[in-house]
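Asks: Sequence:
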Amino acid sequence: MAGGLQGSPVDVLEMGFEVKFCLIFVLLRVLFTDSSHSNQVVLLDTTAVLGELGWKTYPMNGWDTITEMDEHNRPIHTFQVCHVMEANQNNWLRSNWIPREAAQKVYVELKFTLRDCNSIPWVSGTCKETFNLYYLEADEAHGLRFRAGQYTKIDTIAADESFTQTDLGDRILKLNTEVREVGPIARKGFYLAFQDIGACIALVSVRVYYKKCPSTFRNLAAFPDTVPRVDSSSLVEVRGACVRNAEERDTPKLYCGADGDWLVPWAAASAAWATRSWTETALVSAACFSRLSLPSFPFSLARSFAFRGSLSD
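All residue numbers in the sequence shown are consecutive under this note's numbering, ending with 315.
By construction, these hints were calculated from the structure, which means they are not laboratory data.
Computed from a predicted structure; not experimentally measured.
All C-beta atoms in this analysis are idealised placements derived from N, C-alpha and C, irrespective of residue type, glycine included.
Heads up, some of the hints might be wrong.
Unchecked claim - Computed list of lysine-lysine pairs in DSSO-like fashion (alpha-carbon distance at most 30 Å, straight line):
1. Lys-190 with Lys-58
2. Lys-155 with Lys-130
3. Lys-190 with Lys-155
4. Lys-107 with Lys-155
As the list claims (entries may be wrong) - Here are the computed distance ranges between Cβ atoms for each label pair:
5. Pro-226 with Lys-155: 30 to 40 Å
6. Arg-147 with Ile-68: 19 to 29 Å
7. Arg-149 with Asn-247: 37 to 47 Å
8. Asp-227 with Ala-50: 52 to 62 Å
9. Phe-219 with Asp-157: 31 to 41 Å
10. Asp-157 with Leu-237: 23 to 33 Å
11. Glu-249 with Lys-155: 49 to 59 Å
12. Asn-247 with Lys-155: 16 to 26 Å
13. Thr-128 with Asp-157: 19 to 29 Å
14. Met-62 with Pro-226: 42 to 52 Å
15. Lys-176 with Glu-249: 57 to 67 Å
16. Thr-67 with Thr-154: 16 to 26 Å
Using the sequences plus the hints, can you model the full thing?
Replies: This is the structure we're talking about:
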């Protein structure tokens, strides 16, 4: 086989233990970058869980749950499976119950490694290079109860890059990142489930989040946190409130977009474009006016007050 290794089935079984050992060794050196964003509300991040995750495996000898400590004494939770010698694999890994909070739609970010089947001998026809992602809505935790038929498939997940035995020997980690949208979600929470059908996988991290337009100040008006609609083409009109010492002469409003970005009303943007006045006050509907006499202020103080809460907030 191209890029394959020579050996007996016994050698392959021994190699499976080596694969898991090497993956642990390499994953302990993975640096998880700060993925925090002001417009994301994280519901689950396995890299931030200090205790046990409490995830369940079906059957028990399918997925392996491995927790090791990194150099900063922080736990790294990984889930691994590599039953590539036998056909008709059906191994499930189920998350704990995840409350959805205010989310109507959630995003599931997976980071994982996957073994190249061509680099494993004696597995032609049994080794796979994909796994399946499912979810189930629920108003409360189901405990140990699990029925695969109740789950809805989100997608089949494939790797952009797979690793070989040579990569393991060189301590090269080819980490894949995939994000999938799930929604609309109507119940109080949900489960995620991962189905292995015969691949060699290490699931390094799972992060679940939803997007919001964060609270902000624009042109003397305050706007609250707002969750976008499920329909990505639909905007949420949000009414603001004038800040202290500001008078409302029109309805202050912005629009919350699907990606958690605040958008200005079309009329204000059109007027700004027509006059080429691309300024803070031109881009945001000027519905709130200060009761104070700004010209009596020093210029720097007046400018600071007028532009309280810039577009970069």
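Asks: Each hint should be assessed against the structure and marked as holding or not.
Replies: Hints, verified against the model:
no.: 1; hint: Lys-190 with Lys-58; result: 20 Å, holds
no.: 2; hint: Lys-155 with Lys-130; result: 18 Å, holds
no.: 3; hint: Lys-190 with Lys-155; result: 19 Å, holds
no.: 4; hint: Lys-107 with Lys-155; result: 15 Å, holds
no.: 5; hint: Pro-226 with Lys-155: 30 to 40 Å; result: 36 Å, holds
no.: 6; hint: Arg-147 with Ile-68: 19 to 29 Å; result: 25 Å, holds
no.: 7; hint: Arg-149 with Asn-247: 37 to 47 Å; result: 60 Å, violated
no.: 8; hint: Asp-227 with Ala-50: 52 to 62 Å; result: 21 Å, violated
no.: 9; hint: Phe-219 with Asp-157: 31 to 41 Å; result: 39 Å, holds
no.: 10; hint: Asp-157 with Leu-237: 23 to 33 Å; result: 27 Å, holds
no.: 11; hint: Glu-249 with Lys-155: 49 to 59 Å; result: 55 Å, holds
no.: 12; hint: Asn-247 with Lys-155: 16 to 26 Å; result: 55 Å, violated
no.: 13; hint: Thr-128 with Asp-157: 19 to 29 Å; result: 23 Å, holds
no.: 14; hint: Met-62 with Pro-226: 42 to 52 Å; result: 47 Å, holds
no.: 15; hint: Lys-176 with Glu-249: 57 to 67 Å; result: 59 Å, holds
no.: 16; hint: Thr-67 with Thr-154: 16 to 26 Å; result: 24 Å, holds
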